[in-house]
Amino acid sequence: MTTMAISDALYDELVGILGEDGVLTGKPARWNRTRTPAPFPVHRWKEYVPDVVVLPRTTEQVAEIVRLANRTGTPVVPRAAGTGLTDGATPLRGGILLDVKRMNEIREIDLVDRTVTVQPGINMLKLNEVLQPHGVMFPDNPASYPCSMVGGRIGTSGWSLIGARYGHTRDLVCSMEVVLPTGDVIRVGEGGGRKLRKASTGYTIKPLFFGHEGTLGVVTEATLELVPRPQAEFAAFFGYRDYDTAWRSTGALAKSGFATLAGVVLFDEWKLAYLRRDDEAYIEQPDWLKSVVAVAMYGNKAEVVPAAREIMRIGRESGGSYLGDEISQGDWAARHDRYAIPLHGRLRTGEVAPMSWHCEDAALNYSVLPRVREEWHAIADHYIRRYGIFDDWGMFAYTNGAYKPWGDYLVEIDIGIWEQKLDDEMWEAWLNCKREITEVTLRYGGSISACHGASRAGDVEYVPQELGGAFDVMKKIKRALDPNNVMNPGKYLLDQAYED
Amino acid sequence: MFGFRLSAQKPPDPRRITDDVVMRFDHIYEVDPDKMAIFGQQDIPAWDTHRIVDSRWDHLAWMHQHFADTVLGMSDLGLNEDGSEPEQ
Chain A
1 MTTMAISDAL
11 YDELVGILGE
21 DGVLTGKPAR
31 WNRTRTPAPF
41 PVHRWKEYVP
51 DVVVLPRTTE
61 QVAEIVRLAN
71 RTGTPVVPRA
81 AGTGLTDGAT
91 PLRGGILLDV
101 KRMNEIREID
111 LVDRTVTVQP
121 GINMLKLNEV
131 LQPHGVMFPD
141 NPASYPCSMV
151 GGRIGTSGWS
161 LIGARYGHTR
171 DLVCSMEVVL
181 PTGDVIRVGE
191 GGGRKLRKAS
201 TGYTIKPLFF
211 GHEGTLGVVT
221 EATLELVPRP
231 QAEFAAFFGY
241 RDYDTAWRST
251 GALAKSGFAT
261 LAGVVLFDEW
271 KLAYLRRDDE
281 AYIEQPDWLK
291 SVVAVAMYGN
301 KAEVVPAARE
311 IMRIGRESGG
321 SYLGDEISQG
331 DWAARHDRYA
341 IPLHGRLRTG
351 EVAPMSWHCE
361 DAALNYSVLP
371 RVREEWHAIA
381 DHYIRRYGIF
391 DDWGMFAYTN
401 GAYKPWGDYL
411 VEIDIGIWEQ
421 KLDDEMWEAW
431 LNCKREITEV
441 TLRYGGSISA
451 CHGASRAGDV
461 EYVPQELGGA
471 FDVMKKIKRA
481 LDPNNVMNPG
491 KYLLDQAYED
Chain B
1 MFGFRLSAQK
11 PPDPRRITDD
21 VVMRFDHIYE
31 VDPDKMAIFG
41 QQDIPAWDTH
51 RIVDSRWDHL
61 AWMHQHFADT
71 VLGMSDLGLN
81 EDGSEPEQ
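Note that the protein sequences, when read in sequence, are chains A and B. Start counting the first sequence at 1; every next residue gets the next number (the working numbering). Start counting the second sequence at 1; every next residue gets the next number (the working numbering).
It is possible that part of the hints are untrue.
As the list claims (entries may be wrong) - Derived contacts from chain A toward chain B, CB cut-off under 8 Å, selection only:
| # | residue |
| --- | --- |
| 1 | Y48 |
| 2 | E280 |
| 3 | Y298 |
| 4 | V304 |
| 5 | R309 |
| 6 | G324 |
| 7 | A334 |
| 8 | E351 |
| 9 | V352 |
| 10 | P354 |
No lab work stands behind these hints, which were simulated from the structure alone. No residue lacks a Cβ here, since even glycine has one placed at the ideal position from N, Cα and C.
Excised from the complex, chain A in its bound form (with noise of 0.2 Å):
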């Protein structure tokens, strides 16, 4: 049985282009495409569900899909994996859903030139087993790596956990195919170029399309970055009794300048008694470990051998004690396990509750992470007192700048939420905890997000604010772009550029 939500003659038009098995309107097709996992007001899911769900496979059925809801004023939101923090997948006024996740082919493998094409529902991981055998690789790696989509990631512009060696999201793709929210088709790169990682011909465009959530249109194909697959990883995780220490020990292995470096991450007290609550590796870890820092590298073995040895020695200099090769090369290969391992949290008892995982990100500079820790964490704590429902599961700060790891952080705090409590007074005391922690990142001279992106409630709302001028040149090329704002409309406060 299906419950029809659309009008028939819309219906009708939908699988006039898509086919029968292209168009779904049944419930759980359309309920199940509704949230992220993010924290979700799950006691108003109603109000999030979209009309209709459509699978194309094509560019031209998109572009279809796209003229057709310009013509109905049917809102449009593409969904990948649906596998982000920021609610862009998440329709606020129903419409069609466009699950971009039968385009999944590859379409050109070249090793000349170094590019792979592909269409947006294709994952990761999947890319990268074709890749293997021709000895290339993929590079963008972010936490949900085993189950988000090239497409999601343009859309989101995503973060990866090896950006500081090979770049984020962004900096992979060479240019790709957008149909614009007219249902025109273009294809934006370096200058004319599908395949050049430089050009200076006109505007540069390309940035536009990544970090849009879906609101200038759909990625239909990408041609991404080839890397040469590493010979060699190595992972070491460092021990520290105290954050201060742990912390200037970060910033003098970020600044080690060596090109294989991928990362860096600093994990401070709340997360090590976190994890010495509920992991594995860190349970039977002595009191004295307060914090953690860990390197990853990547590269030739001829490279990695002797970087990594230095690596060893700033780590040792700056006060911490290695944690040994199993807990170092376990958790580094465990970094993806968020997305795939249901989690627990406790109560201000003890008591275990189960909990989603909320990540609140910033970008912020080094200098400022350790007061910005501390207002974090107290804020998360009157929170905890007063409601009952939220638990600390600490903070880490990740090296942010691609190529230049030393400068800036992506910094999270992770807060678990008893989503099965939520009713309408929970769910506006989380959005205040948000907004509170926002404030503090923005005094401190930060970004909303380095990572998720800003345009969910308790974010989005300070995105005016942290852009100044910028924002009112966003609302123009909105309406500019999508002049009967049918692309994921109510994103990003953009409503207010038809307002006159």
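Using the hints provided, position chain B relative to the given structure of chain A.
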């Protein structure tokens, strides 16, 4: 013979490791059952616990191999197990 009933291969009684954690098999930790009153702890036969843990090691090995040909440890760098320089 493996049985698919808990009684066919009942796990040993837990040993306390910390205030929060107990252990039935070496290096396999469980939340203290006393802290799982709201949501009861699931009974798992011993063979299933070992299957899950073995799968976990397989997964980690696969992930290493997926990203690089070789994983370097301290011996590959010519360092001691604790990361220190060997005495000359």
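Against the structure, the hints come out as follows:
1. Y48: violated (27 Å)
2. E280: holds (5 Å)
3. Y298: holds (6 Å)
4. V304: It holds, given that the least Cβ distance between A/V304 and chain B is near 6 Å, below 8 Å.
5. R309: holds (5 Å)
6. G324: Check passed: Cβ of A/G324 comes within 7 Å of chain B, closer than 8 Å.
7. A334: For A/A334, the interface hint holds, since the closest Cβ of chain B sits about 6 Å away, which is under 8 Å.
8. E351: Given a least distance of 6 Å, the restraint on A/E351 holds.
9. V352: Because about 5 Å separates A/V352 from the closest Cβ in chain B, which is inside the 8 Å limit, the hint holds.
10. P354: holds (6 Å)
Hint 1 alone, counting from the list given before, is not met by this structure.
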